[in-house]
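Chemist: Work the whole structure out from these sequences, hints included.
Sequences listed follow chains L and A, in order. Start counting at 1 in the first sequence, then tack on 892, and there's your number in my numbering. Start counting at 1 in the second sequence, then tack on 1115, and there's your number in my numbering.
Just to be clear, a hint being listed does not mean it is correct.
[As the list claims (entries may be wrong)] Computed from the model, here is a short list of chain L residues facing chain A with C-beta under 10 Å:
| # | residue |
| --- | --- |
| 1 | Ala1221 |
| 2 | Ile1222 |
| 3 | Thr1223 |
| 4 | Pro1230 |
| 5 | Arg1233 |
| 6 | Ser1236 |
| 7 | Ile1239 |
| 8 | Leu1242 |
| 9 | Leu1253 |
| 10 | Arg1264 |
| 11 | Arg1268 |
| 12 | Thr1269 |
| 13 | Ser1309 |
Calculated from the structure, these hints are not laboratory results. Cβ coordinates follow ideal geometry from the N, Cα and C atoms, glycine included.
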Amino acid sequence: MTSVRLLPRVALHEISKAFAGAPALRGVDFDVLPGEIHALCGENGAGKSTLMNVLGGVIRPDHGKIEIDGRDVIFRGPADALEQGVAVIHQELSLVPCLTVAENLYLGHEPRLGPWIRRNVMFRKADAILERLGFKVSSRAKVANLPIGTRQLVEIAKALSWAAKVLVLDEPTAALSRAEVERLFEALADLKKQHIAIVYISHHLDEVNEIADRVTVLRDGRRVGTWLARDLGTDRLIQQMLGQEVAIAEKSMRPQEESSICWRVTEARTDTLNGVDLSVRTGEIVGLTGLAGAGHEQLASCAFGSEHLTSGRMGLLGEPYQPNHPRHAITRGVASVPGDRRRSGLIPTLDIADNLTLSILDQAQRRFFLDRTAMRTLAKRWCDTFEVARKSLTQGILTLSGGNQQKVLMARWVATSPKFLILNDPTRGIDVKTRESIHQRVEALAEAGLGVLLVTSDTQELVRLADRVVVLREGRVAAELGRLGISEETIVAAMIGAGA
Amino acid sequence: MNRQMAQKLAARLPQILLAVVALVLMARTDRFFTPTTLGSILKLASIVGVLAAGQTFALIGGGFDLSQGAALGLVAAATAWLSTQGVPAPALVVFALGLGAFLGSINGVFVATARTNAFVTTLSTLLIFRGTTFALLNGHPIANVRVFRLLDEGLTLGTTLVAWRSVVFLSFVGIAWVILRRTVFGQHLYATGGNAEAARLAGIRTSYVKVASFALSGMSAGLAAVLLLSWVRLAKPDTGTGYELDAIAACVVGGVSLQGGAGSVIGAAFGCLLLQSLGTLITMSRFPDEYRNLVTGAVILTFAATDALARRSDRR
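Modeler: Shown next as structure tokens:
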């Protein structure tokens, strides 16, 4: 194990950073020793990515200093940090797919002779690095042809081609299979032996327990503490991250059997759907899930008229329903909260009030004109109802935290007074507290008589909310789980088709 | 709230400085701040100003209209020809606006339904409209178009003559502002330009909105054609060439975003007036007119760079 008297490879002292007046980091200390894996944990918005960007030279802190091997340094940009030996490997890999492994490794610092690249030298040096790491990858292979796990290793090799002494890994296992994770961990263990300092950022707390030497927890931009990983179990780690217990309510009991059908689809077919029957009763929350490409997301789009069935029939409250545009769906009392907030939900150029009232502008229309005062009144009322934490209604929508952005989107749709509500991944990337408040609101809506279709791959969410879960696999209904049959295990088993 | 304002002002500092410098220069120039000079600036800016107001619709909706100048030329040619056939002025105005809107909606239909890129679409229609104009005029200009001569006059306010063209320009900007800020369509246009997919999923008919934004841009070219005919009384195959670039420049200087979803028509109008003032200033200070392009280019680049930098700091 490492001795505490060692000089840290990199040390951050009292780092503070605010964005547009909102503090993201408040006096955070952090250091990594040579040959150590130091994990950085915290909820969304705790300040992990800001701290990582400070380390990588992407962001300059407002206060505080950075030391490398005991020397004060200032990073003017990512290139500066790299030169000083700090390499950040982002979640989105930064390899150029159409180039070979060696070309990627030496991109930007090619061995050259005047204007020419010494290709043979480059390949030889690349092979040496790959061999040192024990990676069985040819330096002449095209990156586009490599599996994602191997690309992750190439990314690490690339960092080492810059002679990196500090490696920052952001969620490195997010896209990896279990076998690939094992290989990555072996590689990291090797790097430790070569006295490389590693910062490991991950949501997977069991991984943190498995490989980290020390753990630092951030909360609300502050450092909660640093512990030896073996002294801190997963449970205590969660507690430190949340700071408080979030009371997760019991699933509420709703009567269903006698209620009428809210929405139904029969024999739904598209390029992915292969004859699906599904119905949602009024006052019922039906979970719809599956693996990527199973068709559950497409079925939800069809129910809202943003995509179209090639064949099959839909009905809404006993009448035929064939939406050809979301506009139709809305006039029939259907609402759909989109999953990907940035891409398909928010209008980034507009403010909170504009974003919230986008689908209820008719309520603020006086003859030909839009009554801006009425619009603001509506926005204020709904922001209050949904407890959107804000400075003013005219602040840009992107200045809100993810949880509050999601509340604005929920409010936009609940404000249309729908009878049938489609929720796509309603709590993706949202902290536990906001998540529970959104869950309770969804239950309240169901109790008020709405039919709710909950489309999500978050099994915990399904267990928490759904009265019934329908699992799709390859465009067909793979399983329908009643209230008593819903558990994370049964859902996952049905998704992957095990034990059926 | 005040802090937000301060930050917004700070982000616009170079632009404010530039405007102040321009004002000081103007103040030092003899006879600049006289009703006559200011009136003439307003009059000279009116044609490009109307185009800029129309261009604002296209830009806010996330589009781009390069065909404005060519549409102006085509409308001017067709209107001039009709006037030689004895069609009365009011009918010609309606015809010019209608033809402009029709030409613009051709762009809109391609962009919204075939999803062709706005730049390429309007570049193509620029050539098509220009070619049609040439064919229509058979290469010969129609001169002495006197049907809109009333518009070449003005109303007297005190001792100053305010040209009708200026009045038309200011009214058009006013109407555009109301459409953008006080109608549901305007709100939908901002949303569509800001994030078209999100707008569609919020129940907005984004295709209609886009077509309408291009139609309005084309209609402004029709109106500009009427104003131009009232002034030069001549329709040539190359009438209006390059006007679209002046209009886009005015929008950029006025802070209308080329990414769509942000900006105001008042800004575009001010941008147009600022550029025209600089032009007039250069002419009055007896610099050769060639310097005009140099200065205009430098000003536009300054504004665009400021905008881009401000945007970058917004995004953290």
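Chemist: Please check whether Thr1269/L passes as an interface residue: C-beta within 10 Å of a C-beta belonging to chain A.
Modeler: Status violated, d = 16 Å.
Chemist: Interface hint check: Arg1264/L, Cβ to nearest Cβ on chain A, cutoff 10 Å. Holds or violated?
Modeler: OK, holds: Arg1264/L within 10 Å of chain A, min 7 Å.
Chemist: Holds or violated: Leu1242/L as interface residue toward chain A, Cβ cutoff 10 Å?
Modeler: At about 6 Å, which falls below the 10 Å cut-off, the nearest Cβ of chain A leaves the hint on Leu1242/L intact, so it holds.
Chemist: Quick check on Thr1223/L please, does its C-beta sit within 10 Å of some C-beta on chain A?
Modeler: 8 Å, holds
Chemist: Is the shortest C-beta separation between Arg1233/L and chain A less than 10 Å?
Modeler: 9 Å, holds
Chemist: Using the nearest Cβ pair, does Ser1236/L come within less than 10 Å of chain A?
Modeler: Status holds, d = 5 Å.
Chemist: A closest beta-carbon separation below 10 Å is what the hint needs, so does Leu1253/L meet it against chain A?
Modeler: Holds. Min distance 5 Å.
Chemist: The hint names Ala1221/L as touching chain A; please verify it with the least Cβ-Cβ distance against 10 Å.
Modeler: Holds, because the Cβ-Cβ distance from Ala1221/L to chain A comes to roughly 8 Å (cut-off 10 Å).
Chemist: Under 10 Å, Cβ to Cβ, is where Arg1268/L needs to be relative to chain A, so tell me if that hint holds or is violated.
Modeler: 13 Å, violated
Chemist: For the hint on Ile1239/L, just tell me whether its beta-carbon gets within less than 10 Å of chain A.
Modeler: Check passed: Cβ of Ile1239/L comes within 4 Å of chain A, closer than 10 Å.
Chemist: Does the interface hint hold: is Ser1309/L within less than 10 Å of chain A, judged Cβ to Cβ?
Modeler: Hint violated; Ser1309/L Cβ to chain A Cβ min 14 Å, cut 10 Å.
Chemist: Would the stated hint for Ile1222/L survive a check requiring a Cβ distance to chain A of less than 10 Å?
Modeler: 4 Å, holds
In summary, the numbered hints that this structure violates are 11, 12 and 13.
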